[in-house]
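*Asks:* When you get a sec, could you build the whole thing from the sequences and use the hints?
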Amino acid sequence: MLDVKNLSMRFGGLLAVDQVSLDVKEREIVSVIGPNGAGKTTVFNCISGFYKPTGGTISFQGEEVQGKPDYQISRLGMVRTFQHVRLFNQMTVVENLLVAQHRHLNTNLIAGLLKTPGYRDREQKALDRAAYWLDRVGLLELANREAGNLAYGQQRRLEIARCMVTEPNLLMLDEPAAGLNPAETKDLNQLIVSLKEDYCVSVLLIEHDMSLVMDISDRINVINQGRPLASGTPDEIRQNDDVIKAYLGEA
Amino acid sequence: MPAQNFKHALFCAVITLIIAYPILGLNLEAQGINVTLTGADTFTIVSVFLAAVVVFLFQLFRDNIMGSLQGALSGLSSGSQKEPMAENKRAKIESWVLTGIVVLALFWPFFVSRGAVDLATLVLIYVMLALGLNVVVGLAGLLDLGYVAFYAVGAYTFALLSQYTGISFWVSLPLGALLAALFGLVLGFPVLRLRGDYLAIVTLGFGEIIRILLNNWTSLTGGPNGIGGIPDPTLFGMEFGRRVKEEGNTSFHETFGIAYSGEHKVIFLYLIALVLAVFTALVIRRFMRMPVGRAWEALREDEIAARSLGLSRTAVKLSAFTIGAFFAGFAGTVFASKQGFISPESFVFLESAIILAIVVLGGMGSQIGVVLAAIAVTILPELAREFSEYRMLVFGAAMVLMMVWRPQGLMPMRRIHIELNKQD
Amino acid sequence: MQDLLYFFQQLINGLTIGSTYALIAIGYTMVYGIIGMINFAHGEIYMIGAYTALIAITGLATLGIAWLPLVLLVALVCAMIVSSSMGWAVERVAYRPVRGRHRLIPLISAIGMSIFLQNYVHLAQGSRNIGFPSLIQGGFTFGSEGSFQMSLSYMQITIFITTLICMTALSLFISRSRIGRACRAVSQDLGMANLLGIDTNRIISATFVIGAALAAVAGLLLGMYYGSIDPLFGFIAGLKAFTAAVLGGIGSIPGAMLGGLILGVAESMTSGYLSGEYKDVVSFGLLILILLFKPTGLLGKPEVEKI
Numbered sequence: 001m002l003d004v005k006n007l008s009m010r011f012g013g014l015l016a017v018d019q020v021s022l023d024v025k026e027r028e029i030v031s032v033i034g035p036n037g038a039g040k041t042t043v044f045n046c047i048s049g050f051y052k053p054t055g056g057t058i059s060f061q062g063e064e065v066q067g068k069p070d071y072q073i074s075r076l077g078m079v080r081t082f083q084h085v086r087l088f089n090q091m092t093v094v095e096n097l098l099v100a101q102h103r104h105l106n107t108n109l110i111a112g113l114l115k116t117p118g119y120r121d122r123e124q125k126a127l128d129r130a131a132y133w134l135d136r137v138g139l140l141e142l143a144n145r146e147a148g149n150l151a152y153g154q155q156r157r158l159e160i161a162r163c164m165v166t167e168p169n170l171l172m173l174d175e176p177a178a179g180l181n182p183a184e185t186k187d188l189n190q191l192i193v194s195l196k197e198d199y200c201v202s203v204l205l206i207e208h209d210m211s212l213v214m215d216i217s218d219r220i221n222v223i224n225q226g227r228p229l230a231s232g233t234p235d236e237i238r239q240n241d242d243v244i245k246a247y248l249g250e251a
Numbered sequence: 252m253p254a255q256n257f258k259h260a261l262f263c264a265v266i267t268l269i270i271a272y273p274i275l276g277l278n279l280e281a282q283g284i285n286v287t288l289t290g291a292d293t294f295t296i297v298s299v300f301l302a303a304v305v306v307f308l309f310q311l312f313r314d315n316i317m318g319s320l321q322g323a324l325s326g327l328s329s330g331s332q333k334e335p336m337a338e339n340k341r342a343k344i345e346s347w348v349l350t351g352i353v354v355l356a357l358f359w360p361f362f363v364s365r366g367a368v369d370l371a372t373l374v375l376i377y378v379m380l381a382l383g384l385n386v387v388v389g390l391a392g393l394l395d396l397g398y399v400a401f402y403a404v405g406a407y408t409f410a411l412l413s414q415y416t417g418i419s420f421w422v423s424l425p426l427g428a429l430l431a432a433l434f435g436l437v438l439g440f441p442v443l444r445l446r447g448d449y450l451a452i453v454t455l456g457f458g459e460i461i462r463i464l465l466n467n468w469t470s471l472t473g474g475p476n477g478i479g480g481i482p483d484p485t486l487f488g489m490e491f492g493r494r495v496k497e498e499g500n501t502s503f504h505e506t507f508g509i510a511y512s513g514e515h516k517v518i519f520l521y522l523i524a525l526v527l528a529v530f531t532a533l534v535i536r537r538f539m540r541m542p543v544g545r546a547w548e549a550l551r552e553d554e555i556a557a558r559s560l561g562l563s564r565t566a567v568k569l570s571a572f573t574i575g576a577f578f579a580g581f582a583g584t585v586f587a588s589k590q591g592f593i594s595p596e597s598f599v600f601l602e603s604a605i606i607l608a609i610v611v612l613g614g615m616g617s618q619i620g621v622v623l624a625a626i627a628v629t630i631l632p633e634l635a636r637e638f639s640e641y642r643m644l645v646f647g648a649a650m651v652l653m654m655v656w657r658p659q660g661l662m663p664m665r666r667i668h669i670e671l672n673k674q675d
Numbered sequence: 676m677q678d679l680l681y682f683f684q685q686l687i688n689g690l691t692i693g694s695t696y697a698l699i700a701i702g703y704t705m706v707y708g709i710i711g712m713i714n715f716a717h718g719e720i721y722m723i724g725a726y727t728a729l730i731a732i733t734g735l736a737t738l739g740i741a742w743l744p745l746v747l748l749v750a751l752v753c754a755m756i757v758s759s760s761m762g763w764a765v766e767r768v769a770y771r772p773v774r775g776r777h778r779l780i781p782l783i784s785a786i787g788m789s790i791f792l793q794n795y796v797h798l799a800q801g802s803r804n805i806g807f808p809s810l811i812q813g814g815f816t817f818g819s820e821g822s823f824q825m826s827l828s829y830m831q832i833t834i835f836i837t838t839l840i841c842m843t844a845l846s847l848f849i850s851r852s853r854i855g856r857a858c859r860a861v862s863q864d865l866g867m868a869n870l871l872g873i874d875t876n877r878i879i880s881a882t883f884v885i886g887a888a889l890a891a892v893a894g895l896l897l898g899m900y901y902g903s904i905d906p907l908f909g910f911i912a913g914l915k916a917f918t919a920a921v922l923g924g925i926g927s928i929p930g931a932m933l934g935g936l937i938l939g940v941a942e943s944m945t946s947g948y949l950s951g952e953y954k955d956v957v958s959f960g961l962l963i964l965i966l967l968f969k970p971t972g973l974l975g976k977p978e979v980e981k982i
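Residue numbers (our numbering), protein chains in the order written: chain A, 1 to 251; chain B, 252 to 675; chain C, 676 to 982.
Bear in mind the hints are in silico, worked out from the structure with no lab data behind them.
Some hints here could point you the wrong way.
[To be verified] Straight-line distance between alpha carbons at most 25 Å, and here's what the computed PhoX-like set of lysine-lysine pairs gives:
1) C:K969 x A:K52
2) A:K52 x A:K5
3) B:K340 x A:K115
4) A:K115 x B:K673
5) A:K125 x B:K673
6) A:K68 x A:K25
7) C:K954 x C:K969
8) B:K340 x A:K196
9) A:K115 x B:K516
10) A:K68 x C:K969
11) C:K976 x A:K52
12) A:K115 x A:K125
13) A:K25 x A:K245
14) A:K186 x A:K196
*Replies:* Below, the structure written as structure tokens:
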């Protein structure tokens with residue numbers, strides 16, 4: 001589904017990502033791990049179109065997407081969350097989910113002003129989808145709260161729900177467990193697995209919580225100092241000498 | 252009292268003296284080509300020193316004062332946070348009250364003086380402008396400091412069209428608005444990629460460019476002399492003048508067999524402005540509940556997140572910019588018709604600043620707040636004429652204070668409540 | 676020959692104005708480099724500097740002191756003290772409390788401050804423009820009599836030299852002094868500098884004070900050069916200086932210098948060859964073009980969007 005080949009990203013003199021390749025297949029959870037500053041988030045930023053990679057190709061469902069504007073890439077069905085939660089803080093929880101469904105709505109101004117049946121229909125469907133996902137992540141009661149007033153764990157879940165209402169094929173999560181307590185991490189674990197099992201979504205995951213990564217990943221890519229170090233199943237990674245030396249060994 | 256506090260307080264007091272005394276206490280006066288220096292009156296000098304003392308005391312007891320102030324404020328806000336009424340009920344009451352006010356506004360001009368109605372028309376023009384700018388600044392978070400340029404486009408469109416082609420107010424109204432919107436689109440397209448603060452300065456520059464062009468393109472716009480003789484609006488071909496100017500038209504007072512009165516025209520203009528202002532408010536209110544309105548706010552809140560969800564930054568910003576410009580064009584046409592004469596004088600940066608002050612004071616994003624602020628900002632200086640020269644001083648200070656103390660404005664925007672049904 | 680002289684005359688005029696723009700631009704560029712906001716009130720601080728200088732000069736004249744170097748020195752010191760205090764106070768009152776809030780908020784606060792200061796001077800000193808004595812008179816002229824004569828006045832030379840001295844002093848200050856080093860550290864990474872024990876609040880205040888002091892120098896120079904001042908003249912000059920800062924690359928001090936000179940020359944060429952009315956159009960047009968095609972300016976570093 002997603003195929004990244006020889007991705008490189010250079011900022012001035014700094015080669016932040018060097019020849020990284022990875023791929024994600026249908027209904028697969030793939031993790032990217034590596035020490036802090038290894039270039040994981042930069043890889044994400046390249047894939048999601050926020051950065052224009054300086055080398056390599058990124059293809060999504062057979063289409064080359066490197067260098068395309070960010071909003072077009074997300075419309076192809078590849079959406080992401082952020083390392084530091086990025087919600088529309090002054091908007092309500094449900095409005096956050098409606099914004100995410102922008103491209104599923106009738107955005108014709110005249111239709112909206114006149115409230116044509118087609119417009120209302122799509123608006124209602126969006127509301128229903130929002131309600132469904134809020135219920136799914138346990139935030140339905142808080143639908144009309146301002147997103148910025150939610151607790152941290154709730155914000156994390158809202159961010160994932162906000163991605164899911166866009167009905168993506170690939171979900172990219174940037175350290176979703178950061179700052180969560182063990183119980184919340186366990187819930188997150190179940191949620192991610194269920195996204196794959198029940199909603200046929202592939203997941204590309206950056207995470208530091210090793211137990212979570214080892215538990216749910218189908219495959220893992222290790223990056224160190226911008227360069228690929230190893231890739232394979234959780235078991236292979238666990239036994240890889242390079243990885244142990246460079247990463248797990250330090251921990 | 253720690254010595255450090257004392258030193259700081261003293262320092263602040265001295266600074267106060269330094270920045271206040273030379274400018275306020277020593278007045279330059281031009282006498283012919285010579286400039287002389289005179290000391291200000293005792294009152295000013297005493298005030299300056301008093302101000303320094305106040306600053307000193309405030310800084311000295313800063314912690315205590317702030318503490319008790321905070322306590323008082325939190326007490327105030329906790330008192331006002333009542334149990335929210337059922338949302339539906341509240342919305343219903345609100346819409347009844349608003350309808351009532353609009354009906355009142357419809358009949359009110361028949362009972363008051365001509366001057367009051369004239370002022371009310373001006374208020375309504377500012378309401379339109381502020382509502383339009385509220386879309387750009389309050390909702391989309393784009394600081395447009397050249398908003399008055401679109402107002403000018405609307406006004407000059409009507410003035411020029413009526414002068415050269417004899418087109419009437421009613422044809423010109425949509426044309427002026429559309430042309431202003433087109434200007435917004437053309438200007439917005441390249442500049443909306445810019446970061447917020449760059450955008451502010453570029454729009455400011457654009458506003459100035461338009462004004463300079465109007466001032467210097469004498470052959471078309473009459474330059475600083477402006478354009479006069481802009482016709483009044485007509486009501487189904489009826490004119491409001493004493494004598495009919497255009498062939499084929501009849502005059503209002505003759506048609507209805509009433510005595511001619513200059514007030515008819517003033518009231519008619521007021522009613523037009525009222526209808527247009529209400530129209531503006533309603534349309535923008537709808538926009539706010541539509542995908543486009545949510546996209547504006549999303550982009551204001553977090554541009555990167557919005558882009559990651561498939562919103563095109565350019566398209567969303569451009570729509571806000573264009574729609575804001577559209578309503579400024581509306582207001583401009585009404586303004587030209589009300590004044591009968593326009594010149595570049597009316598479209599200086601100060602006007603942009605006043606409209607921005609209205610939006611900021613009322614509460615960015617809040618329509619009711621903006622309308623109330625427009626009324627207050629336009630009427631208060633008229634009521635207190637002796638203070639009118641302090642108007643801009645007060646606006647400037649109010650803008651700073653609002654940003655420091657209450658950036659959400661006097662009447663903050665309230666979120667729309669959306670009922671959801673549980674899905675299985 | 677005449678055409679050439681005319682051209683050089685425009686060049687000299689442009690460089691004169693340009694160097695004062697550069698002095699004002701420093702204030703914008705340093706503040707922007709450190710806290711990433713446009714200090715809209717900076718033009719007003721420059722204007723207040725010019726007023727203070729005029730007040731000092733008139734005051735000395737009333738007292739009967741006319742020794743030129745003394746008059747200039749006193750006027751300069753007074754202007755710098757008042758402007759710096761103003762710069763400090765503005766940051767304290769209008770910017771520090773809103774630092775770190777949504778980006779629109781400090782910007783609006785700054786505009787409010789600009790309007791406030793403009794009207795503060797307007798109310799205190801009247802709105803009419805007031806003659807500024809041109810204390811430094813005379814100059815060199817080139818070219819034969821009867822045809823176009825190019826002039827280079829002592830005033831213009833003073834402006835060049837003063838600007839050069841200020842810029843050199845500033846560069847040395849930034850690169851050598853402790854506060855200068857701290858300034859650079861803070862502009863690299865405010866949070867990190869804070870962690871390392873730099874009092875960032877003091878550094879930010881210092882930036883405002885330095886910028887304001889240089890603006891005051893420009894106020895005195897331009898006041899004498901133009902021969903009159905009014906409360907509004909800071910606004911346009913501020914915009915021009917901001918344009919210069921952006922042109923050179925905002926955040927870069929050599930950039931401000933370069934941008935100021937280019938802008939000044941562009942303006943005087945427009946006045947000289949087209950029409951004085953359109954010189955503002957040219958500078959704003961230049962600003963828009965630069966922002967569109969090279970938002971980092973001529974000497975600025977590219978900015979990477981932080982995600």
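*Asks:* Is it true that the CA of K969 (chain C) sits at most 25 Å from the CA of K52 (chain A)?
*Replies:* 18 Å, holds
*Asks:* Are the Cα atoms of K25 (chain A) and K245 (chain A) separated by 25 Å or less?
*Replies:* 29 Å, violated
*Asks:* Holds or violated: K52 (chain A) with K5 (chain A), Cα cutoff 25 Å?
*Replies:* Answer holds: K52 (chain A) to K5 (chain A) is near 14 Å, not above 25 Å.
*Asks:* Given the hinted pair K68 (chain A) and K25 (chain A), is their Cα-Cα distance within 25 Å?
*Replies:* Within the cut-off at roughly 21 Å; holds.
*Asks:* Holds or violated: K115 (chain A) with K516 (chain B), Cα cutoff 25 Å?
*Replies:* Given pair K115 (chain A), K516 (chain B) is violated - Cα atoms ~36 Å apart, limit 25 Å.
*Asks:* Straight-line Cα separation of K115 (chain A) and K125 (chain A) no greater than 25 Å?
*Replies:* Roughly 15 Å separates the two Cα atoms, so the pair holds.
*Asks:* Are K68 (chain A) and K969 (chain C) close enough, with their CA atoms no more than 25 Å apart?
*Replies:* 21 Å, holds
*Asks:* Holds or violated: are the alpha carbons of K954 (chain C) and K969 (chain C) at most 25 Å from each other?
*Replies:* 22 Å, holds
*Asks:* For the pair supplied as a hint, K340 (chain B) and K115 (chain A), is the alpha-carbon distance within the 25 Å limit?
*Replies:* Holds - the C-alpha atoms of K115 (chain A) and K340 (chain B) are around 22 Å apart, at most 25 Å.
*Asks:* Quick one, are K340 (chain B) and K196 (chain A) close enough, alpha carbons at most 25 Å?
*Replies:* Judged against 25 Å, a Cα distance of about 43 Å means the pair is violated.
*Asks:* Given the hint that K115 (chain A) pairs with K673 (chain B), test it: the Cα-Cα distance must not exceed 25 Å.
*Replies:* Holds, because 24 Å separates the two Cα atoms, which is no more than 25 Å.
*Asks:* Would the hint linking K125 (chain A) and K673 (chain B) be met if the CA-CA limit is 25 Å?
*Replies:* 13 Å, holds
In this structure, the hints that do not hold are numbers 8, 9, 13, in rising order.
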